[in-house]
Amino acid sequence: MASVNRAENGGFQIQFVGTDKRRRSVRLGIVKPKMVEMVKLRIEQMVANQKAGVLYDAELTQWINGIPDALHDKLARVGLVDPRQMHRAMGLKDFLDDFVKRRSDVKPATLEVWKQPIRNLIAHFGPKKDITKISEADAMDFRQYLMNSKLASATVAKRLQFARTFFHDARRRKLIASNPFAEVSAKSVVRLDQRRFVTQEETTKLLDACPSHHWRTIVTLARYGGLRCPSEVLSLRWQDIDWDKQRINVPSPKTAHHGKESRIIPLFPELQIALEEAWELAPEGAIYVVDERYRMSSNGSNGWRNCNLRTTFEKIVRRAGLVPWPKLFHALRSSRETELAQDFPIHVVTAWQGNTPTIAMRHYLLTTNADFERAAGGKTRSEKAVQIPVQQAQETGGNEEQPENGNRDISEEND
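Per this note's numbering, the sequence shown starts with residue 653, numbered consecutively.
It is possible that part of the hints are untrue.
[What the hints assert, rightly or not] For each label pair, taking beta carbons as the anchor points, the in silico distance ranges come out as:
{"id": "1", "residue 1": "ASN657", "residue 2": "ASP793", "range": "46 to 52 Å"}
{"id": "2", "residue 1": "THR1020", "residue 2": "LYS780", "range": "31 to 37 Å"}
{"id": "3", "residue 1": "ASP757", "residue 2": "ASN960", "range": "26 to 32 Å"}
{"id": "4", "residue 1": "ASN1021", "residue 2": "GLU913", "range": "45 to 51 Å"}
{"id": "5", "residue 1": "GLN796", "residue 2": "ASP860", "range": "47 to 53 Å"}
{"id": "6", "residue 1": "VAL752", "residue 2": "ALA938", "range": "34 to 40 Å"}
{"id": "7", "residue 1": "ASP749", "residue 2": "LEU933", "range": "47 to 53 Å"}
{"id": "8", "residue 1": "MET653", "residue 2": "GLU913", "range": "51 to 57 Å"}
{"id": "9", "residue 1": "ARG674", "residue 2": "GLU788", "range": "36 to 42 Å"}
{"id": "10", "residue 1": "ASN657", "residue 2": "THR1010", "range": "56 to 62 Å"}
{"id": "11", "residue 1": "ALA659", "residue 2": "TYR797", "range": "19 to 25 Å"}
[To be verified] Lysine-lysine pairs mimicking DSSO-like chemistry, simulated, CA-CA at most 27 Å apart:
{"id": "12", "residue 1": "LYS912", "residue 2": "LYS810"}
{"id": "13", "residue 1": "LYS726", "residue 2": "LYS826"}
{"id": "14", "residue 1": "LYS906", "residue 2": "LYS767"}
{"id": "15", "residue 1": "LYS726", "residue 2": "LYS759"}
{"id": "16", "residue 1": "LYS967", "residue 2": "LYS810"}
{"id": "17", "residue 1": "LYS673", "residue 2": "LYS703"}
{"id": "18", "residue 1": "LYS703", "residue 2": "LYS753"}
{"id": "19", "residue 1": "LYS979", "residue 2": "LYS857"}
{"id": "20", "residue 1": "LYS745", "residue 2": "LYS726"}
{"id": "21", "residue 1": "LYS753", "residue 2": "LYS684"}
{"id": "22", "residue 1": "LYS673", "residue 2": "LYS692"}
{"id": "23", "residue 1": "LYS753", "residue 2": "LYS780"}
{"id": "24", "residue 1": "LYS726", "residue 2": "LYS785"}
{"id": "25", "residue 1": "LYS726", "residue 2": "LYS767"}
{"id": "26", "residue 1": "LYS857", "residue 2": "LYS839"}
{"id": "27", "residue 1": "LYS745", "residue 2": "LYS781"}
{"id": "28", "residue 1": "LYS967", "residue 2": "LYS767"}
{"id": "29", "residue 1": "LYS781", "residue 2": "LYS810"}
{"id": "30", "residue 1": "LYS979", "residue 2": "LYS967"}
{"id": "31", "residue 1": "LYS785", "residue 2": "LYS759"}
{"id": "32", "residue 1": "LYS785", "residue 2": "LYS826"}
{"id": "33", "residue 1": "LYS810", "residue 2": "LYS767"}
{"id": "34", "residue 1": "LYS979", "residue 2": "LYS912"}
{"id": "35", "residue 1": "LYS753", "residue 2": "LYS912"}
{"id": "36", "residue 1": "LYS753", "residue 2": "LYS686"}
{"id": "37", "residue 1": "LYS745", "residue 2": "LYS767"}
{"id": "38", "residue 1": "LYS753", "residue 2": "LYS785"}
{"id": "39", "residue 1": "LYS759", "residue 2": "LYS906"}
{"id": "40", "residue 1": "LYS767", "residue 2": "LYS781"}
Don't read these hints as lab results, they were simulated from the structure.
For each residue, glycine too, the CB sits at the ideal point set by N, CA and C.
Produce the complete structure using the sequences and hints provided.
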């Protein structure tokens, strides 16, 4: 506990015992008693936090950042705060540049993705905006700025998530009192109109339209293996295939930094046919299942990009007599996960696919026409509508009068 003493000249002094058991004093001078009590309370909070080994909370940090330099210097001299000159104002652009520079642990593709929200933040706030001056209200205004840019809801939500990440780092480094984006979010709406189930019949048409066995392998691995394209499809090596155990070790560049460098999937029958063809046609000494030229064109200094593959695949889709759909390769992977989920437990399917049940339900699993037909006994609604009256006519002889009260029939039908 801190104590308050008053000198003969009327000035106040607050004494406390630090974590090193030494008594220290903070001289406030002649001030109002109300301020003395406030400073005493804050000193007690700081000492308690230091003894517990925990960071100052947002409220305490905000109070520290708002006090005059003279009082701040007195608290710094007794070891309760760092000298203020160490916390010079940092402009937004300088902070973001420093953040990116320090994150050598992330992949080039992630750094590439960060560029857009960073551009948004700088465009909205200005490059020299003091990050300590960005409030929660400012963060809300930034959200509205993104929404006014006609971005998809999922894009807005993702960029706000990145902003939270950036400013969380500033909070951890004590550059700001609190994260202004901590409570700012946007609901991500899944666009069902962009989801597409690619049937096996359509897949056959795609394979027939492929210009080479390389492309047949790419399409098969994405559609029947559920591999991410291009990163996993073009990273698959011949040594990853265990023909005897009928399993494939799929390298996963996307999840490697999460400790999941690869996953095991079955050598599905559809895969075996395509892989055997690719093996027969592969040049001697080939390392990758798909020709390495495709890998070189899709894996640049900024990470994996599917733009080169997407252009050719869109031509294949049209050549197959189909209309290109959004997220061309994602739809192939999504279609496979949907099929597998009908025959295997979800935890098994997501282990094979390299995602989670939550992600699968939100972004992958689809309701197909086959689901409705199977639920209806293999017949469409119109076919059943025709069959039921015919069947009833046969059972009643066609001319028998129906009961005047049909409630019983209706209730049984509803059951």
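Now for the hints, and whether the structure bears them out:
1. Remark: the range hint 46 to 52 Å for ASN657 to ASP793 is upheld by a beta-carbon distance near 47 Å.
2. Range check, THR1020 to LYS780: Cβ separation about 54 Å, and the 31 to 37 Å hint is violated.
3. Evaluation of the 26 to 32 Å hint for ASP757 and ASN960 yields a pass: the beta carbon distance comes to about 28 Å.
4. Evaluation of the 45 to 51 Å hint for ASN1021 and GLU913 yields a failure: the beta carbon distance comes to about 38 Å.
5. The given range of 47 to 53 Å is respected by GLN796 and ASP860, whose C-beta atoms sit roughly 50 Å from each other.
6. At about 37 Å, the beta-carbon gap between VAL752 and ALA938 stays in the expected band of 34 to 40 Å.
7. For ASP749 and LEU933, the Cβ-Cβ distance of about 48 Å falls inside the hinted range of 47 to 53 Å, so the restraint holds.
8. Taking 51 to 57 Å as the suggested C-beta distance range, the pair MET653 and GLU913 conforms, at roughly 54 Å.
9. Between ARG674 and GLU788 the C-beta distance comes to about 39 Å, which sits within the given range of 36 to 42 Å.
10. The hinted window of 56 to 62 Å between ASN657 and THR1010 holds, with their beta carbons roughly 59 Å apart.
11. For the pair ALA659 and TYR797, the supplied restraint of 19 to 25 Å is violated, since their beta-carbon distance comes to about 54 Å.
12. For the suggested pair LYS912 and LYS810, the alpha carbons sit about 23 Å apart, so the restraint of at most 27 Å is met.
13. With a CA separation close to 19 Å, the supplied pair LYS726 and LYS826 stays within the 27 Å bound.
14. For the hint pairing LYS906 with LYS767, the CA-to-CA distance comes to about 18 Å; that is within 27 Å, so the pair holds.
15. Of the supplied pair hints, the one linking LYS726 and LYS759 is violated, its CA atoms being roughly 45 Å apart against a limit of 27 Å.
16. The hinted pair formed by LYS967 and LYS810 fails the criterion: a straight-line CA distance of about 31 Å is larger than 27 Å.
17. Under the criterion of a C-alpha separation no larger than 27 Å, the hint pairing LYS673 with LYS703 is consistent with the structure, at around 11 Å.
18. For a cut-off of 27 Å, the pair hint linking LYS703 to LYS753 is broken: about 34 Å separates their Cα positions.
19. Restraint check for LYS979 and LYS857: satisfied, since their Cα atoms lie roughly 18 Å apart, inside the 27 Å limit.
20. Restraint check for LYS745 and LYS726: not satisfied, since their Cα atoms lie roughly 32 Å apart, outside the 27 Å limit.
21. Simply put, LYS753 and LYS684 have alpha-carbon atoms about 47 Å apart, too far for the 27 Å limit, and the pair is violated.
22. Taking the CA atoms of LYS673 and LYS692, the gap is near 18 Å; set against the 27 Å cutoff, the hint holds.
23. Only pairs whose Cα atoms come within 27 Å are accepted, and LYS753 paired with LYS780 is accepted, the gap being roughly 18 Å.
24. A threshold of 27 Å between alpha carbons decides the hint, and for LYS726 with LYS785 the separation of about 24 Å falls inside it, so the pair holds.
25. Annotation: proposed proximity of LYS726 to LYS767 is violated, straight-line Cα distance about 42 Å (limit 27 Å).
26. Annotation: proposed proximity of LYS857 to LYS839 is violated, straight-line Cα distance about 38 Å (limit 27 Å).
27. Taking the CA atoms of LYS745 and LYS781, the gap is near 8 Å; set against the 27 Å cutoff, the hint holds.
28. At roughly 30 Å between alpha-carbon atoms, LYS967 and LYS767 are farther apart than 27 Å, so this suggested pair is violated.
29. With a C-alpha separation of about 22 Å, the suggested pair LYS781 and LYS810 falls inside the 27 Å cut-off, and the hint holds.
30. Between LYS979 and LYS967 the alpha-carbon distance is near 14 Å, which keeps this suggested pair within the 27 Å criterion.
31. A distance of roughly 31 Å separates the Cα atoms of LYS785 and LYS759; the hinted pair therefore is violated under the 27 Å criterion.
32. At most 27 Å may separate the alpha-carbon atoms for a hinted pair to count; LYS785 and LYS826 meet this at roughly 14 Å.
33. Proximity of LYS810 to LYS767 is assessed by CA-CA distance (about 13 Å); at most 27 Å being required, the pair is judged to hold.
34. Of the pairs offered as hints, the one joining LYS979 and LYS912 holds, with about 24 Å between alpha carbons and a cut-off of 27 Å not exceeded.
35. At most 27 Å may separate the alpha-carbon atoms for a hinted pair to count; LYS753 and LYS912 meet this at roughly 25 Å.
36. Note on LYS753 and LYS686: the hinted pairing is violated, with a Cα-Cα distance of about 46 Å set against a maximum of 27 Å.
37. For a cut-off of 27 Å, the pair hint linking LYS745 to LYS767 stands: about 12 Å separates their Cα positions.
38. At roughly 23 Å between alpha-carbon atoms, LYS753 and LYS785 fall within 27 Å of each other, so this suggested pair holds.
39. About 9 Å separates the Cα atoms of LYS759 and LYS906, which keeps this hinted pair within 27 Å; it holds.
40. For the suggested pair LYS767 and LYS781, the alpha carbons sit about 18 Å apart, so the restraint of at most 27 Å is met.
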